[in-house]
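There are 2 protein chains.
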Amino acid sequence: MTRKEKTDQVRIVLTLLEKNNQIELADFLESLTSSEVVYLMSKLRKRDQHKLLTIINPEEAADVIEELPDSQAADILEEMKAGDAAAIIKKLNSDDRADLIIELDKKGAEAILTEMNAAEAASIRKMIEYHPRTAGGLMITEYISYQAVSTVKEVINDLRGNAEKYKNYHVRYIYVVSEHNQFLGVLQMQELLLARSDQKLSEIVIKEVTAVNADTSLDKLIDLFETHNFYGFPVVDDQHHLIGVIRRKNILEAKNERTIHDHLQTQGIVGGDELRTMPVLTRSKRRLSWLSVNIILNLIAASVIAFYQETLSEVIALAVFLPIISDMSGCTGNQAVAVSMRELSLGIVRPGEAIRVWFQEIKVGLINGLVLGFLIGLTAFIWKGNIYFGLVVGGALAINTLVAVSIGGTIPVMLKKIKVDPALASGPILTTITDMIGFFLALGFATIALGKLTF
Amino acid sequence: MTRKEKTDQVRIVLTLLEKNNQIELADFLESLTSSEVVYLMSKLRKRDQHKLLTIINPEEAADVIEELPDSQAADILEEMKAGDAAAIIKKLNSDDRADLIIELDKKGAEAILTEMNAAEAASIRKMIEYHPRTAGGLMITEYISYQAVSTVKEVINDLRGNAEKYKNYHVRYIYVVSEHNQFLGVLQMQELLLARSDQKLSEIVIKEVTAVNADTSLDKLIDLFETHNFYGFPVVDDQHHLIGVIRRKNILEAKNERTIHDHLQTQGIVGGDELRTMPVLTRSKRRLSWLSVNIILNLIAASVIAFYQETLSEVIALAVFLPIISDMSGCTGNQAVAVSMRELSLGIVRPGEAIRVWFQEIKVGLINGLVLGFLIGLTAFIWKGNIYFGLVVGGALAINTLVAVSIGGTIPVMLKKIKVDPALASGPILTTITDMIGFFLALGFATIALGKLTF
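Chains A and B supply the protein sequences, listed in that same order.
Oh and the first sequence: position 229 is 483 in our numbering, straight run, nothing missing.
Oh and the second sequence: position 191 is 445 in our numbering, straight run, nothing missing.
Same shape as in the complex, but just chain A:
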């Protein structure tokens, strides 16, 4: 797909919008791939986005909305008429529906919910009550269930009669429930094929099936899906009523989203995913919230330098190496953070096993500290022709590398233990401490060796 074609797609849509040509517009949108729709929408002005979503019918609009990242979709729906937005949201899959409502601002969400009938609104309200990273928040409610007293023939007839409706249900299993909707077991489609048509579901249902409670956490769900080769699990409430189905796809997507979320946080994008189509002030404010904490931590760290101003004025060449020590320690520490985060997510390291991690980390820290310290020390020595200067600079970096990997390796494990998000906090804590210690070591060593540092 070249850039030229992309621009053509935008032009086509704008022309069709101008002509109010609903049918051709819907057909054209249908012909686009998922990423083409995302790109196209991001290229349209707000006004045109809204017009597009109201010209085509709600079902078609829901197809468009489903392609977009939640933050982009929420951004668009928020500013549409609540009635139009509600009509579209009603046509979304149950899991997408809740995700989207959560992304909306409170006022927008309420306006849209009041446009729905009471039952629909109640069902959405119930779903968004579950934490988005639990079975209740991730499940879909499009599943097929029959009471245990039904016969195979009745079920097959119902399936055939409602084939059109169930088409969007991605049916793999049939769920069997009691007359009070309590979960009893499952049946694979194939099994209906093998059964006698007069058999009751209660005779052929597979009962050794784990149902998960709506509060089950994403981590437990990941484990469950990795341990069992199932397509999905039934989700039940505390009274064991069947309330939804959670599929492998939901879990994998949620896992991926969490990875991305964590990555964005380590890079300083906190308070929600940013897209450049959002208002400038929102983007600016979100980024600043992180940066302003960071600038204070930076000032604290740099105050160590202020404390040693006299030494520094004697050995001004040291000023060249302070940013290097700061940056290199940050890098080595972040490597250790990344490995710990990875091992935590794989389950190789459990929260609280900081000592074990530390022992494994100091070996690497020793070797890398010696190598990096030697390299930077040699550079300093060659530049100024003073061996003591080389020792001061190299020694500080070598020791600080050891400090950095120790902190970087253990801090995510300890933060996780005390239930602080390590993706958010590890970086700033790490760099503040390693900066302070690094500056202290370099300037402290220089103060001791001051008499010898003449060049």
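Each hint should be verified, as a subset may be incorrect.
Identical copies go unnamed one by one, so any copy, or any two together, can satisfy a pair.
[Stated by the list, open to error] Dumping the calculated SDA-like pairs for lysine to any residue here, alpha-carbon to alpha-carbon at most 20 Å:
id, residue 1, residue 2
1, 421, 442
2, 474, 263
3, 539, 628
4, 345, 410
By construction, these hints were calculated from the structure, which means they are not laboratory data.
Using the hints, position chain B against chain A.
This is chain B only, laid out in the frame that chain A set:
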């Protein structure tokens, strides 16, 4: 799961190993969840890991290996007897098999492949020839196909007769091929249910099914699965022979792995996923390969300071702010990098659209530059009571923030355009340039205002 219980699990396994109690050991392993197996194996010594995998039978061992991250599994299998390792690998799913062989070192992989019979080895060799992030590299070969001339009755009989074998195939679709194994179309299990038993597959087969070529890239596959609500796609070679099936699960997992891989790279873990169970020298070397490039870039950036040593010796207080300017510019730039990487992966921004990104980024850069510049300038002013000092420091950070977001936002887009991995290169390029410009601005401004900077 508490830490105490974990340690108990290790103790139980060690006891069973000592007693050579195969049956109880296999039963116990079966009872563990996926992450418990990972944790347990990482707690055992090499010797015990090997003993465990040879005491239980190859099928059970394959179940254990499948739970482990590829790098950990490869690490263990590499040092086992090639024959034992081959027996286990044969029992893995087809997609896991190729992934694992790729992770092994060349010698280990060859030794294992020669232990297999010619057909098996050839099939694995063929699979690892495909790039791991293409349809050929991600597909599974456990699918069920029938020739178009078969009747519904024949197919149902075969399915019933081989129910045990097909159980592990996660059957959703039946693939229909010509007598030369060329792909013709698919059938859902349900459709067999609705068909007359004397109908030929050619009469009921759905032909409007996209088959993907083995070379199709992960990005295209993601798009395909997002656009279509299918469970999987058939994979064909250039002659349109059916060679495998790619499932949604494979795509979601590959996408997740790529996200993790990219994240690790931005954090300086390059050259492969690191686990702390790997040999210290391997870990040390991999981390150093990245750090040694970084130290050179750091030296280049810091050379700007060396150039301005005279100014710095006059205004020694500036040395306190240089690491702050370096770090803050790195942070603001990395935020912009993260947003660009995200928009690239969502398809909102296409490689080469650097100008568009830049326009969206400078607005945020202006606001945040003014805020951060004001904060740090005020601090400098209050500290030294000199307004010019505040202006020098604040002005340098304000302008450099603008520089940092401009470079941070556009560099991933440009790198992607010239096919350099932005996850790997964006960070180092960004920080080197912003360090140089930041030091240059602060020291340059100070040189100009030198007469006024007396305190």
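Checked hints:
1. 421 x 442: both (16 Å within a copy, 12 Å between copies)
2. 474 x 263: between (44 Å within a copy, 19 Å between copies)
3. 539 x 628: between (43 Å within a copy, 15 Å between copies)
4. 345 x 410: neither (27 Å within a copy, 37 Å between copies)
Of the numbered hints listed earlier, the single one contradicted by the structure is hint 4.
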